[in-house]
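Taken in order, these protein sequences are the chains called C, B and E.
If you want my numbering, it's the 1-based position in the first sequence plus 92.
If you want my numbering, it's the 1-based position in the second sequence plus 154.
If you want my numbering, it's the 1-based position in the third sequence plus 206.
Mixed in with the good hints there might be a few duds.
[Unchecked claim] Straight-line Cα separation of at most 20 Å, DMTMM-like style, residue types lysine to aspartate or glutamate; simulated pairs: (1) K165/C / E374/B; (2) K253/B / E348/B; (3) K202/C / E374/B; (4) K424/E / D499/B; (5) K428/E / D499/B; (6) K318/E / E96/C; (7) K343/E / E292/B; (8) K288/B / E344/E; (9) K424/E / E374/B; (10) K494/E / D207/B; (11) K318/E / E348/B; (12) K505/E / D435/E; (13) K115/C / E348/B; (14) K343/E / D499/B; (15) K581/B / E96/C; (16) K491/E / D499/B.
[As the list claims (entries may be wrong)] Simulated restraints on C-beta separations: (17) R393/B / G215/C: 37 to 45 Å; (18) S490/E / T407/B: 47 to 55 Å; (19) E495/E / K440/B: 55 to 63 Å.
Quick caveat, the hints were computed from the structure, so don't treat them as lab data.
Just so it is clear, CB atoms sit at the ideal spot from N, CA and C, and this is done for glycine as well.
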Amino acid sequence: MFKEILITLAMVALVGSFWWMSKAVEIPASNTFPHAIMWVLLALSGLQLIQAVLMGRLGLKHIATVDHPAYRKVLIIVSSMIVYLLALEYIGFYVTSFLFYIVTVLILQKRAITARVLLVRGGMAAGFVAALYVLFNIILSSQLPAGILF
Amino acid sequence: MSDMLQYLPEIFTGTRLLVLLVGTIGGLILGATPGLSPTMAVALLVPFTFHMDPATGLVLLGSVFTSTVAGGSLAAILINIPGAPANIATTFDGYPMAKKGRAQEALYISYLSSLIGGVFGIIIMMFFTPPLAKVAMEFGPSEMFWSAMFGVSVMAGLASGSMIKGLFMGFVGMLLSCIGDDPMYGVTRFVFHESLSGGITVIPALIGIFAIPQILGLVETLDVVLEKTHFKPERGVLRKVIGMLPGLSPQLTLGSIIGAIVGIVPGAGGQIAGLIAYDQNKKFCKNPETLGSGDPRGVATVESSNNAMVGPSLIPMLIMGIPGCPTSAVLMGGLLIHGMFPGPDLFLKHADVTYTFFWAMLFAQITMGLFGLLMSRYSYLVTNVSSLMMIGAVMVLAVFGTYTVSNNFDDVVIMFALGLATYFVRKFGFSAAPLVLGIILGPIVETNLTKGIMIGQSNVGLFSYFCTGTVNLIIIALCVLSVGWSLYAEIKHARTQRAKLAAAATCCQG
Amino acid sequence: MRKKFTNTAIAVLAALIVLGTAAVGFAETYPDKPISAIVTYSPGGATDYQARVATMEASDSKYFGQPIVIINKPGAGGKVGWNWIVERAPKDGYTMVTYNIPHFIAQSLVFKTSYGFNTFEPLANWGADPAVLVVPKESPFNSIKDLVEFAKKNPGKVTINGAGLYVGHHIAALQLMKATGIVLTYIPEQGGTDAMQSVIANKVTAGFNNLSDAYRNKQRVKILGIADDERDKDFLPEVPTFKEAGYPQVDETSVNLRGLAFPKGVDPAIIKSASETLMKMFQSKKVKEAMTMGGCPLKIMSRDQVIKMFNERQKTLGALFPKK
Chain C
93 MFKEILITLA MVALVGSFWW MSKAVEIPAS NTFPHAIMWV LLALSGLQLI QAVLMGRLGL
153 KHIATVDHPA YRKVLIIVSS MIVYLLALEY IGFYVTSFLF YIVTVLILQK RAITARVLLV
213 RGGMAAGFVA ALYVLFNIIL SSQLPAGILF
Chain B
155 MSDMLQYLPE IFTGTRLLVL LVGTIGGLIL GATPGLSPTM AVALLVPFTF HMDPATGLVL
215 LGSVFTSTVA GGSLAAILIN IPGAPANIAT TFDGYPMAKK GRAQEALYIS YLSSLIGGVF
275 GIIIMMFFTP PLAKVAMEFG PSEMFWSAMF GVSVMAGLAS GSMIKGLFMG FVGMLLSCIG
335 DDPMYGVTRF VFHESLSGGI TVIPALIGIF AIPQILGLVE TLDVVLEKTH FKPERGVLRK
395 VIGMLPGLSP QLTLGSIIGA IVGIVPGAGG QIAGLIAYDQ NKKFCKNPET LGSGDPRGVA
455 TVESSNNAMV GPSLIPMLIM GIPGCPTSAV LMGGLLIHGM FPGPDLFLKH ADVTYTFFWA
515 MLFAQITMGL FGLLMSRYSY LVTNVSSLMM IGAVMVLAVF GTYTVSNNFD DVVIMFALGL
575 ATYFVRKFGF SAAPLVLGII LGPIVETNLT KGIMIGQSNV GLFSYFCTGT VNLIIIALCV
635 LSVGWSLYAE IKHARTQRAK LAAAATCCQG
Chain E
207 MRKKFTNTAI AVLAALIVLG TAAVGFAETY PDKPISAIVT YSPGGATDYQ ARVATMEASD
267 SKYFGQPIVI INKPGAGGKV GWNWIVERAP KDGYTMVTYN IPHFIAQSLV FKTSYGFNTF
327 EPLANWGADP AVLVVPKESP FNSIKDLVEF AKKNPGKVTI NGAGLYVGHH IAALQLMKAT
387 GIVLTYIPEQ GGTDAMQSVI ANKVTAGFNN LSDAYRNKQR VKILGIADDE RDKDFLPEVP
447 TFKEAGYPQV DETSVNLRGL AFPKGVDPAI IKSASETLMK MFQSKKVKEA MTMGGCPLKI
507 MSRDQVIKMF NERQKTLGAL FPKK
């Protein structure tokens with residue numbers, strides 16, 4: 093039941109924020125479709141609450157598959173991704189990607205960081221970035237922001 | 155027919171065969187890269203074809219179109235990230251198969267199904283182009299609206315036992331698709347932050363929604379010592395898969411037919427052919443419970459349908475000069491650049507080039523199948539890469555793929571944000587596919603609804619505009635059937651679940 | 207002391223020489239790397255397709271000697287790309303942008319945009335696609351006048367479509383309404399071919415569409431008029447202009463013109479060199495051949511002509527969309 097209430101609250105927040113934004117739209121007709129979608133979302137929230145109540149009465153529970161992931165690692169990787177995205181445009185796509193690749197591997201691996209490990213990982217990262225360069229810059233002739241380095 | 159056969163030898167010149175091979179292999183690789191869509195691949199090549207003779211140029215464009223569509227299944231099966239929207243449903247069963255160490259088998263099924271569906275679609279294109287073009291031209295805003303609503307009904311059926319959750323994600327996707335410029339009135343809506351001003355488009359959403367949760371999932375399971383699925387190319391897998399094909403024939407037939415129909419309907423685009431076929435297969439096949447947990451039937455349905463869409467999607471373009479999907483619009487550019495105007499007289503005036511193109515499309519299916527099978531043999535190289543290597547690589551690829559779609563860094567940010575959000579809601583049992591489906595269908599539903607209202611109000615009235623006419627009524631009936639069936643399946647699912655629980659309870663007490 | 211002075215002098219001299227050659231060489235050696243051209247629409251659209259064809263000869267040593275790479279920055283009807291060009295594009299002469307007239311001027315009048323008629327340095331124009339009025343084959347209307355008379359008697363009952371909002375087709379429809387006082391329901395579609403399909407399928411009363419699309423579908427629709435100052439001699443010589451039909455207010459403002467421009471702030475020497483090279487390139491036989499085969503009417507205009515045209519459009523469109 094707790095989960096269903098949480099979902100409903102999240103929906104109300106989402107719909108509320110969109111509704112608030114829709115007040116600024118200059119042509120009212122433009123809001124017809126989004127408002128219809130919002131009503132459907134609210135109705136669905138209500139429905140799943142009812143469903144949960146009914147199921148609870150029947151002694152039924154959704155088989156919860158709550159796992160206990162390595163949240164600490166996920167958090168570290170997510171923050172390194174954010175740093176990666178922030179640096180991308182400024183430093184340049186290729187260099188940043190190369191660094192990001194090595195850093196994630198070093199963070200996540202359990203082996204000690206020796207010169208040899210660094211060399212092997214660095215070589216792989218360089219090969220990967222080089223392959224990307226061939227695919228995107230040469231074959232597809234698309235230009236990725238070079239930033240201050242490359 | 156004899157006319158057509160007469161032009162068959164045309165494709166067996168040295169250059170054209172070479173172009174066909176290069177186009178196929180290149181297309182398979184481009185298709186497997188998330189973000190590089192068939193439309194983009196073909197658009198990039200159009201100017202090159204100007205320097206070739208018309209037939210050779212079209213052989214190149216045709217083979218790239220065919221193989222990019224099929225190539226998307228590789229990433230879907232091996233790393234759970236669809237190469238293009240058409241491959242979303244391939245992940246449902248393809249990736250679970252790969253996790254069980256059956257990647258090679260899944261890929262073989264995928265390419266053989268693509269081949270069968272693709273050949274079916276091309277044959278439809280070769281023989282039924284004129285009558286089907288007439289049907290396609292019947293579609294106006296009201297018909298397109300109902301077709302899109304049929305797509306919406308598919309959201310409900312995608313996850314069994316959690317119909318409401320599927321609808322939740324689908325409608326959230328439709329709401330998100332409203333961000334940016336209103337396509338009908340031109341006003342800006344829901345731009346919470348400046349970087350949203352371009353709206354949320356399909357490809358960045360697709361990559362984020364599938365790639366980011368996949369990466370974080372890998373991070374979670376990194377500590378769990380998995381039994382290493384160190385597999386080498388096995389012998390005899392191909393023979394086994396070919397032996398399976400007769401058993402898969404209902405799925406292949408259903409997939410091919412649905413793919414062809416969705417291909418002809420303008421506007422919907424082949425993007426949703428796979429999802430619709432998957433949903434229909436779930437409704438009609440025996441023991442649907444195993445679908446979604448590595449069932450070869452799921453892969454066969456989806457891959458036959460998304461390739462069956464290729465040929466028919468060209469029909470309205472070839473005969474009427476009205477492209478039914480973005481890729482066929484680009485292909486039309488390839489025809490125009492050589493002074494060939496699509497239209498009923500295309501087959502009379504430029505029979506040589508047109509029929510050579512048809513044959514090339516057919517042979518491209520076959521080379522695509524062969525090279526796909528060959529590539530599958532080496533799929534172990536990807537699956538044996540440790541997750542450690544995968545995490546960084548997939549993230550970088552997702553960023554590059556997203557950026558190249560519209561060369562806009564905002565898209566990369568949107569991709570990441572949507573991906574993170576999806577990671578969290580998946581913990582609550584929501585699935586990702588309906589979200590993308592919603593983002594695809596949102597604009598189609600909205601523009602056709604608004605156009606229909608404008609037209610209906612100005613002449614016959616809303617009700618009779620939307621709810622009369624044979625085509626409208628047929629599609630409405632299909633929608634009602636689809637929703638009804640989903641409801642029935644939902645109730646059945648709840649019953650069996652209850653029975654299981656009850657049984658479990660008595661067993662524990664005893 | 208002396209040695210130090212000599213050293214300093216040499217260093218200063220060397221620096222001056224390097225700077226000097228760089229300044230002179232900049233325009234002379236331009237371009238020494240590939241140029242990118244931003245297309246503000248998705249791959250496969252008419253603008254993207256024509257831009258790719260028009261620039262395909264760039265790497266020839268007769269012209270730039272370097273390729274022009276097309277980069278698509280689509281979104282919000284072109285607004286995302288044009289805003290980006292003005293706000294963030296490098297102004298080193300290696301980033302061009304395609305402009306669409308009247309789209310970007312009309313948008314700058316209606317919306318809050320960073321760009322306007324005077325924020326670009328136009329280089330050269332390659333194409334012009336006038337809007338033509340088409341009706342379904344089954345339609346009872348045989349002239350512009352028939353349609354206008356019907357619309358007068360049945361206000362609000364006439365639907366007319368086009369390839370989107372604030373594009374030439376929309377402007378032509380607005381001009382026709384303003385000139386005759388009739389009320390038309392304008393239906394924006396995703397693109398020219400989508401709009402044409404609705405007309406062929408008889409889902410709308412009429413449509414404004416591209417000349418090239420109408421020409422290709424001559425057998426399936428009736429073409430009533432062309433919104434330009436003169437008839438099109440190559441493709442549709444038998445179709446009258448609106449002026450001939452008695453509606454001079456529907457003039458050439460709605461003609462869709464396409465060309466290349468730099469953002470403001472590029473070195474004038476580079477602007478001059480690039481615009482001259484582009485003019486030569488657009489006039490080359492190969493480009494001409496590919497464009498006419500593709501059914502894209504060519505209209506090559508020099509930088510000065512384009513600047514003049516921008517100013518004129520700003521005036522006429524400003525009258526149609528009064529600034530808020």
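Hints versus structure:
| no. | hint | verdict |
| --- | --- | --- |
| 1 | K165/C / E374/B | holds (7 Å) |
| 2 | K253/B / E348/B | violated (41 Å) |
| 3 | K202/C / E374/B | holds (14 Å) |
| 4 | K424/E / D499/B | holds (13 Å) |
| 5 | K428/E / D499/B | holds (19 Å) |
| 6 | K318/E / E96/C | violated (42 Å) |
| 7 | K343/E / E292/B | holds (14 Å) |
| 8 | K288/B / E344/E | holds (15 Å) |
| 9 | K424/E / E374/B | violated (61 Å) |
| 10 | K494/E / D207/B | holds (17 Å) |
| 11 | K318/E / E348/B | holds (13 Å) |
| 12 | K505/E / D435/E | holds (14 Å) |
| 13 | K115/C / E348/B | holds (18 Å) |
| 14 | K343/E / D499/B | holds (18 Å) |
| 15 | K581/B / E96/C | holds (13 Å) |
| 16 | K491/E / D499/B | violated (28 Å) |
| 17 | R393/B / G215/C: 37 to 45 Å | holds (39 Å) |
| 18 | S490/E / T407/B: 47 to 55 Å | holds (53 Å) |
| 19 | E495/E / K440/B: 55 to 63 Å | holds (60 Å) |
In summary, the structure is inconsistent with hints 2, 6, 9 and 16 from the numbered list given earlier, while agreeing with the others.
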